[in-house]
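Chemist: One-letter residues, chain by chain:
Protein chains: 2
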Amino acid sequence: MTEYKVPLNDMDFLLYDVFNVDEVWRSLPQLAEQLDKDVAGAILQECAKIAEQAIAPISREGDEEGVSFKLNDNGIGGKVTTAKGYKEAFATYAEGGWCGLGGDVEYGGMGMPKVLTAFHEEMLSSADIAFALYPVLTAGAGLSLAKHGSEGLKEKFLTKMYSGQWTASMCLTEAHAGSDLGLIQTKAVLQDDNSYSVTGSKIFITGGEHDLTENIVHLVLAKLPDAPAGPRGISLFLVPKILVNDDQSLGEPNKVSCGAIEHKMGIHASATCVMNFDGAKGYLIGELNKGLACMFTMMNFERIGVGIQGLSAGERSYQNALAYAKDRKQGRALVKNETTKSANNADSIMVHGDVRRMLLNMKALNEGSRALSCYIALQLDYATYGSGELQAKGEALSALMTPLAKAFFTDLGFENTVTGQQVFGGHGYIREWGQEQLVRDARITQIYEGTNGIQAMDLLMRKVVGSQGKLVNIFIDEVRSYLQTVTGDSQLTEFAQPLSQALDDFSQVSSALIKQADVNLNDLGVAANDYLHLFGYTAMAYIWMKMAQSSLQKTTQQDAGQSEMFYQSKVHTARYFFTRLLPRRLSLMATINTRSDCLFNIDDDLF
Amino acid sequence: MTEYKVPLNDMDFLLYDVFNVDEVWRSLPQLAEQLDKDVAGAILQECAKIAEQAIAPISREGDEEGVSFKLNDNGIGGKVTTAKGYKEAFATYAEGGWCGLGGDVEYGGMGMPKVLTAFHEEMLSSADIAFALYPVLTAGAGLSLAKHGSEGLKEKFLTKMYSGQWTASMCLTEAHAGSDLGLIQTKAVLQDDNSYSVTGSKIFITGGEHDLTENIVHLVLAKLPDAPAGPRGISLFLVPKILVNDDQSLGEPNKVSCGAIEHKMGIHASATCVMNFDGAKGYLIGELNKGLACMFTMMNFERIGVGIQGLSAGERSYQNALAYAKDRKQGRALVKNETTKSANNADSIMVHGDVRRMLLNMKALNEGSRALSCYIALQLDYATYGSGELQAKGEALSALMTPLAKAFFTDLGFENTVTGQQVFGGHGYIREWGQEQLVRDARITQIYEGTNGIQAMDLLMRKVVGSQGKLVNIFIDEVRSYLQTVTGDSQLTEFAQPLSQALDDFSQVSSALIKQADVNLNDLGVAANDYLHLFGYTAMAYIWMKMAQSSLQKTTQQDAGQSEMFYQSKVHTARYFFTRLLPRRLSLMATINTRSDCLFNIDDDLF
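Sequence lines, in order, name chains A and B.
The numbering used here numbers the first residue of the first sequence as 448 and each following residue consecutively.
The numbering used here numbers the first residue of the second sequence as 448 and each following residue consecutively.
Some hints here could point you the wrong way.
Since copy identity is lost for identical chains, a pair holds within one copy or between any two.
Unchecked claim - Here are the computed lysine-lysine pairs in the DSSO-like style, where the Cα-Cα straight-line distance is at most 27 angstroms:
no.: 1; residue 1: Lys-534; residue 2: Lys-601
no.: 2; residue 1: Lys-783; residue 2: Lys-962
no.: 3; residue 1: Lys-634; residue 2: Lys-594
no.: 4; residue 1: Lys-917; residue 2: Lys-634
no.: 5; residue 1: Lys-517; residue 2: Lys-531
no.: 6; residue 1: Lys-783; residue 2: Lys-526
no.: 7; residue 1: Lys-603; residue 2: Lys-737
no.: 8; residue 1: Lys-840; residue 2: Lys-594
no.: 9; residue 1: Lys-526; residue 2: Lys-773
no.: 10; residue 1: Lys-603; residue 2: Lys-773
no.: 11; residue 1: Lys-962; residue 2: Lys-1001
no.: 12; residue 1: Lys-634; residue 2: Lys-601
no.: 13; residue 1: Lys-601; residue 2: Lys-783
no.: 14; residue 1: Lys-452; residue 2: Lys-634
Don't read these hints as lab results, they were simulated from the structure.
Since we're looking at a predicted model, the values are computed, not measured.
Chain A extracted, bound-state conformation:
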């Protein structure tokens, strides 16, 4: 596999050319104190080093070896051993302080905003999704604990999670309760010491057991015996693998055990565990019966994080495929010209239109996803660090676009891994090249943290219809205002015209669906997936136009020097996106506008 190279240029471009985040940071008191362009630059560069040098090299072998499980001698639960090199890589990562990058500064975190932690997550996941899951889930659990945990819990557990001495897991799913958490059966019973006795079995628990750290902090959804039925009776508990004394030293093992690990299509080096709680001691996080809300604190961050995992696999796939395409010689160009670099008998496959199509699909969708994820991360930062209108808008847009990020970026990421594999021909199917691993690893991102179908329903039903269009109109208005600022700029017409058309169509479709909610909800259930993608391509067109604008300004200024090629490439890629990828919306429009009869008029027995 080609060595992974973090796209730092592109990240800098987004931060400073497109989104002017240094100005944003100066305007937000909490961030202004501790962050500027230099600090951010140092963070991204150091993080890139770790991703490229410490993590990427273990990924291929980690896939082959996977994690292993050995039952304990007493027959209750077993131990998980990670693949060669993972323990050392995690230690290196933790020593760098990266586990607390986005953490609360009061408990030893670095307090960095999402625009930086999002890039951090991309690097980690491009290097190895399986590795990234251990720290990324710990960071997510940390967010929930930081916001909802008691002072005592935070001092005892959060500090150790930030330092990377302990990791965390999120224990939600049960065998019969996947997307439908209201059905969970894990029980929690109050004890005399105000702790809870937690009993139940959870499946699909990422990092539920492993040998990377001495302790694991489980956040567990459970119900009190007298709790209300359904989602409104769920509470969140912190259940440590090993009990912790007041001085943070480790005490007795808790009644938590790993019953088995799953054998999966990919992310072999990530332990996916069956976790059994057998009267384990747990501590309530937040209020009773408000567990889902506590969980959702981390969900918004994690779902964008999973979206970014999709992008990360797509980026890696592109880098590998590009290197292969430049090197591989097969066939001759259809049109010979001076740029065709002929070998004796064959040209590089870069001369073939279909290969260029595949490469540019990946490039345009990856860079578009990165830019859009940066935009959404910025909204989360406004929501967290901003105030007044800015904060309100940040909250609205991040709520709206979280399911979009999760589903759209992972669908595109998976597509891009498959495309990159195709560039390799037969070699893409062979394990040693690593392309097929990317396909297998990326595939989970469309499934976990809420399937993409669930995300589409969240977007359309809860966010769009639920707010009667208020949230989506905030986005539409922003784009419309932006388009007004560039009216008459002839250099931008090629982007402004199709974006404007796409926006009008998207707006019309959104309104129509909101109305349709009063007529037949099934029409919305059926349209949700296509609607999410329509939103995605429209939003991506907006961001691609902004990138093209920034790049055109730079190439015109001719201050670009070495990086002039970078800006030229951006403009070309923007053009490609508008010409060849934005038209995907036409088919989506056509199907969204049909009704659900042709799906619901068929009796189940006729399937």
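With chain A's structure known, arrange chain B on it following the hints.
Modeler: Just chain B now, kept in the frame of chain A:
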């Protein structure tokens, strides 16, 4: 995994309701002798039994165990051992005479037409693609040998291939020569006894070595020392693993060895071998320097066969996903009605629009692919057994539609395996359910036997532009004539109108691209993939309309009885295809109509 059930009803429907093949058979003298509805029915039923009972059960374990390779003591080459149960399953299969199902009756074959062998291949591959490859490639090699081999070679080798005592392999690819066979370096030197000494190394050779049979017949592309450069200097040789005496008994081992096997994403139970020929004794097949033509005899059959493999994985995926969806309970229906079968706390996920969308996508695309593959198989049968105009048209349409079948069915098949996996949620990612294996197995079908990008170029450049539209107009005229026969049938308007529009658009796009070939060939290279898919959806719409018509006649006649539900389901599924899937063509039209500038104006260094 759900037990595989061969869709015999659908196969019968296509053969007799839609394509009236019993009449066709009666009209073709060579087939009329040996084949009628009863014989065909017995063949399909027996074959279904083998697929369901002998082959499907070994697939899951075959994936886990894979094939193993052990180097010989002398260090030259090694032995391949297949997974548990494969030897027995192959023996059962061979004893049934299935290896010669489509073979030449003069040498012990059963002489069955492609419409039947195509269904046979679908069953085999649905049961286990990895297993199917051994007999299917042997059948393909048999076609080439039957058509181009000398009497002596056929008596000696073909009879044993039909009986299943020996298998065959196709040795084309070399490390530096994948899609570009003109670059091969394997040499063949004439010997005193008129045999050839073959020397060279081949990669990606499916079934190049294994323990299923005592001998393996390799068909090897090689060049004579003084052969013309490029594709016009390629000859085809038969090189047995073990030399064969005149009485068909086995003699000395030939100088052929397996150097290694590949570790792949899927089809683990299929041996993909590096084959080394070190002065091996070989026999010329056909004329010198006409090797590619001999190879292409089997290519047209094999490529449709690979297309059918895509369908086969999609069919299996659908069967599994449907069973899971009916069983799995999560969430509640958006709209409650009398058909909503509520459990205590959750409905079956069949109530969710997005799940129905996924299931119907699979159903409509699978059944459409099966019908279209049956149509193309019929064209091949006209070409083989017909005469005069019928034969000419069969040749034209099968030449035109072979690359379509290969690429379109495998792209859809892969999509359907991914969709089926998604229906399972997290369980789709776990190995034990088998859904992820289908994804991994299906993925190769888009790559081997000529990547789908190569197929698209073959379709557009060689078949459409190469004939100046003659071939594609034969298809367009047929559909137009068909549409005229149903003018005024109000029951069919919902299908006729969109089909007519799609056909007009496809015709216009085809003409435009043929003209564009004189302006800029790169525009065609860039459009090829989308053009292939546009053709696919248009052709599938034609076939779906024919299926809807046949089914409506049956439901109207009310002679359907038990099978009335079958015909109702067909009509509903046709409606779904036209409403929700045919609109995919709109985005394809939009991109085909753009030019290649935005791909070729970017310098390679800007990627």
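Chemist: Hints first: check each against the structure and report whether it holds.
Modeler: For each hint, the structure was consulted:
For the identical chains of this complex, Lys-534 and Lys-601 are intra-copy neighbours only, at 25 angstroms inside a copy versus 61 angstroms across copies, given an alpha-carbon limit of 27 angstroms. In this assembly of identical chains, Lys-783 and Lys-962 lie within 27 angstroms of each other by CA distance solely across copies; the values are 19 angstroms between and 55 angstroms within a copy. When the C-alpha separation of Lys-634 and Lys-594 is checked against a cutoff of 27 angstroms, the pair qualifies only within one copy, where the shortest distance is 24 angstroms, while the shortest distance between copies is 72 angstroms. Taking CA atoms no more than 27 angstroms apart as the test, Lys-917 paired with Lys-634 passes in neither setting, with 39 angstroms inside one copy and 72 angstroms between copies.
Proximity of Lys-517 and Lys-531 under a CA criterion of 27 angstroms is satisfied in both settings, with 16 angstroms inside one chain copy and 26 angstroms between copies. For the homomeric pair Lys-783 and Lys-526, neither the shortest alpha-carbon distance inside one copy (61 angstroms) nor that between copies (46 angstroms) is at most 27 angstroms. Taking the closest pair of Cα atoms, Lys-603 and Lys-737 come within 27 angstroms of each other only inside a single copy of the chain (22 angstroms); across copies the shortest separation is 78 angstroms, beyond that limit. In this assembly of identical chains, Lys-840 and Lys-594 lie within 27 angstroms of each other by CA distance solely inside one copy; the values are 21 angstroms within and 72 angstroms between copies.
Taking the closest pair of Cα atoms, Lys-526 and Lys-773 never come within 27 angstroms of each other, the shortest separation being 45 angstroms inside a single copy and 36 angstroms across copies. For the homomeric pair Lys-603 and Lys-773, neither the shortest alpha-carbon distance inside one copy (53 angstroms) nor that between copies (46 angstroms) is at most 27 angstroms. Taking CA atoms no more than 27 angstroms apart as the test, Lys-962 paired with Lys-1001 passes in neither setting, with 44 angstroms inside one copy and 40 angstroms between copies. Taking identical chains as interchangeable, the C-alpha atoms of Lys-634 and Lys-601 lie at most 27 angstroms apart only when both belong to the same chain, with a minimum of 24 angstroms there against 73 angstroms between chains.
Proximity of Lys-601 to Lys-783 under the C-alpha cut-off of 27 angstroms is found in neither arrangement, the shortest distances being 66 angstroms within a copy and 45 angstroms between copies. For a Cα distance limit of 27 angstroms, the shortest separation of Lys-452 from Lys-634 qualifies neither inside one copy, at 47 angstroms, nor across copies, at 42 angstroms.
When each numbered hint is compared with the structure, violations occur for hints 4, 6, 9, 10, 11, 13 and 14.
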